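In the order they appear, the protein sequences are chains A and B. Everything in the first sequence is counted per our numbering, starting at 1 for the first residue and increasing by one. Everything in the second sequence is counted per our numbering, starting at 1 for the first residue and increasing by one.
These are computed hints drawn from the structure, not numbers from a lab. Remember, predicted model here, so these are calculated numbers, not experimental data. One or more hints might be untrue.
Stated by the list, open to error - Stretch-level coverage of chain A by chain B, calculated; a stretch enters the list once three of its residues show a Cβ under 8 angstroms from a Cβ in chain B:
{"hint": "1", "stretch": "71-78"}
{"hint": "2", "stretch": "157-170"}
{"hint": "3", "stretch": "174-180"}
{"hint": "4", "stretch": "184-195"}
All residues carry an ideal CB built from backbone N, CA and C; glycine is no exception.
Spelled out, the chains give:
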Amino acid sequence: MSTYPLLSLAIWIPIVAGLVVLTTGGDRNAPLARMLSLVGAVAAFLITIPLWTGFDVANGGMQFVELKTWIPRFNINYHLGVDGISMLFVILNAFITIVVVAAGWEVIQNKVAQYNAAFLIMSGLMNGIFTSLDGVLFYVFFEASLIPLYLIIGVWGGPNRVYAAFKFFLYTLFGSLLFLLALMYLFIQSGGSFSILEWHKLPIPLGPQIWLFLAFLIAFAVKVPMWPVHTWLPDAHVEAPTGGSIVLAAIALKLGAYGFLRFSLPIAPDASHELSSLVIALSLIAVVYIGFVALVQADMKKLVAYSSIAHMGFVTLGFFMFSAMGVEGALVQMVSHGFVSGAMFFCIGVMYDRVHSRQIADYGGVVNKMPKFAALFMLFTMANAGLPATSGFVGEFMVILGAVKFNFWVAFAAASSMVIGAAYSLWMYKRVIFGDVANHHVEELTDINKREFLILAVLAIATLWMGIYPQPFTEVMHASVNDLLHHVAISKIQ
Amino acid sequence: MFDNFVVPNLLPAAPEIFLAAMALAILMIDLLVKDSRRTVTFALTQLALIGCAAIQFATSTGEITYTFSNMFVDDLMSDLLKLFLYMTVIIVMFYSRGYVIDRDTMNKGEYYVLALFATLGMMVMISANHFLTIYIGLELLSLSLYAMVAMNRDSVVSTEAAMKYFVLGALASGLLLYGMSMIYGATGTLEITGIAERLNSGGVNKSVLVFGLVFLVAGLAFKLGVVPFHMWIPDVYQGAPTSVTLLIGSAPKLAAFAIVMRLLVSGLLPLAPDWQNMLIILSVLSMAIGNLAAIAQTNLKRMLAYSTISHMGFMLLGIVTGVVGGDARYALNAYSSAMFYVISYVLMSAGTFGMILLMARAGFEAEEIDDYKGLNKRSPWFAGIMLMLMFSMAGVPFFIGFFAKFSVLQAVVAAGYMWLAIVAVLFSLIGAFYYLRVVKVMYFDTPADDSPLTAPLDMRILISANGLAVAFLGIFPQVIMSLCAYALLRSL
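Required output: the full structure, derived from the provided sequences and hints.
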């Protein structure tokens, strides 16, 4: 194992790079700011590669652990580590950051340095969330990551950006404040420890477990987002710039789901079993009902936003069936959704940059003018609908398999989403891409340039790779998921 | 006839004596200084404060020392609070210099001398071990501040604010004195440590005592500015010249915290269940009204006034959770959290009002929230500083305001008041809205005027340092946290 503090580097390289980018100042130095951001993002990505190559797949515990005293007054430590559950998200996050920097290359001309810096800092903070093993450290990253996204939506967003930024910030802050109180309760109960791994072993009676579970549920459900606290997401997505939407869909939504696996299940296993039907019900509503909501959207970004909520419903469904198939399927779905939704939002961004509209009705016959784009967009649409051989299929299929063992009707409801997903994805694709050239805006379209092609090609490779050969992804999860499920199966009530 | 006279030990009060002498000397020297050379007065003021800090360091023994027939106490808590007090006043004086120079009616030697007397009053309050000492310190502070609020004579708003402050302040002092006299009646002593002894030995008339306590708490609540004794805060904060608002809004919180500790904790700890219940009501009301009313404000100074009310309410949470069911096990944890909260708040508040002074220039006050429109375009650096201060006030990490809230909340949870913690976080959620609005105005809106900032270099540097300190201490809060805990451990 490497002796370098890889996880610290994965957190702090992007943050420091972001601060350096800020020093380039005004838009006169925009090319320099872009270059520095790209270098920072690529460096941060390269540093995460050894996490995968050096990862011991047989070990279900924490790896690359770093432990330093931070605030001894409250026994808070700078405690980092990754296991099979979190490792992939660190890499995904670093990868998506490159995509985001590249996606804004020519598009963002206003406050370029601040734009890129916000994304780099946010990327570092989110790596902090995925790797923290100390409750307060986790919380600090969790809440601090709201600041850059608030600014991204508010400064570079669409017409209704102020409303969306406030709604996003206050909604998620509401969830996380109750989460903070849950952390403090655990601190007192454990006799003065903020270590998440200590909390996993802490026996707690059922009553407090239920309260803890509900506090976690509110925090993470808002972040995922689960029905009925999902309403901030479509607003945030629609108003955010393309890069903001990509980060939001690809990474930020995963934070909540990750929280379930790191906090809810292991700390309150009995309450998780007790209330699993509640979460499963909410997940199925998200999968089926939100799927129908997506069907009727006239705005492409809103459509993909609702489809994200439906896909995340699969994830929470997978977690609360307590089977290896379900949890691993959910994790695969999370990674896959990172690639696919990122790519979908990028595709919409490509069209928006040219036509300045996201309305489906303003398009039609795009394939006549943008054949290369149409081909790639096709792939991601299919992946979004869960077509076999794309990454979207693997996760959903595993979750449905897990659900069949769990309860037939749950599986039936979940599987119906394969149809609904295909309906909204393909119908949108048909209306936007096929047919005759609809108007003079479409007539004037130019096909994607090299930069855009490169971004989409890389995402396409990732999507296909995960769809055809998911083994490398699932392999790293096995040990950690099995450990987690064994842990959750044992009651903590004494 | 002087047979009984013993020269008291002057050493514990050396900083106070030094500052009193310096203030009088500066008053004299300033008569010889022309208006254009007022920098001399400014420099002497700063030197006096630095001298105080040096003397404080040199004379600090770490032991609890009483002097002047037990009327005055010097302990680690007072040393620490006074050091922060000097630091705050030095910062305040730096921030206000440019503002004062631009305004003729304020550019007088009295401005500095009154600030020094106010500081002296706060020092006396911090070190008081006797009801009369507290009263003297409080009046010295208040009278200096009344005069400072009214210094901008030509302004109707300032004069009105001063009048209001004076009338209500006098009323509060009366309440405090009345409460003190009741407690004297019940215990037969004015000495704070003496009162604690009487209470512990028993045989004290409880109903007279609690009657006095009610007035005492009311008086303290007024000085802290918590609901329902908060009426003066918005008017005075808005009406006073900004440099004076800065002084009122920062340093006196340290002194108010000190007298709360002296009166309620050192003196009346056996009555903790009584005053804790009173303070819980005040605290919840302050968080509610402070945060809700702040949303409706368009004037930044007035908004910050309401935010002060809510912050003081939050700070009180640390004080009400010290004793649980007669068990003082959590006292140190709770009180040191409150102390950390006050110190953090003073740092943030100084920075925020400093920003208003930075934006102000001759003939322009920069006190409307809309004056900050598009600040990110005009000066990305200072917009960034203000952003950090606002998020810190809202209690978002990585800023010191988060750990201030964190430490108080954990004390509340440790004491078992979960419902109180939930109320507190819900109101901080509401509070986040109006701090976010300031950030929104700076970052999302386009500037209304593009004139560059004209503040002098020293102020720019200092306010940057202030903002960065809020971030730095938010990442490394341990030093101040443990200083607070240690000082209280050695003082209580």
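Each hint tested on the structure:
Check result for the stretch 71-78 of chain A against chain B: holds, 4 residues qualifying (beta carbon to beta carbon below 8 angstroms, three or more required). Against chain B, the stretch 157-170 of chain A contributes 6 residues with a C-beta closer than 8 angstroms to a partner C-beta. That satisfies the three-residue criterion, and the hint holds. Residues of the stretch 174-180 of chain A lying with their CB closer than 8 angstroms to a CB of chain B number 4, which satisfies the three-residue condition for coverage. By the rule of at least three residues with a Cβ nearer than 8 angstroms to a Cβ of chain B, the coverage given for the stretch 184-195 of chain A holds, with 4 such residues.
Every hint from the earlier list agrees with this structure, and none is contradicted.
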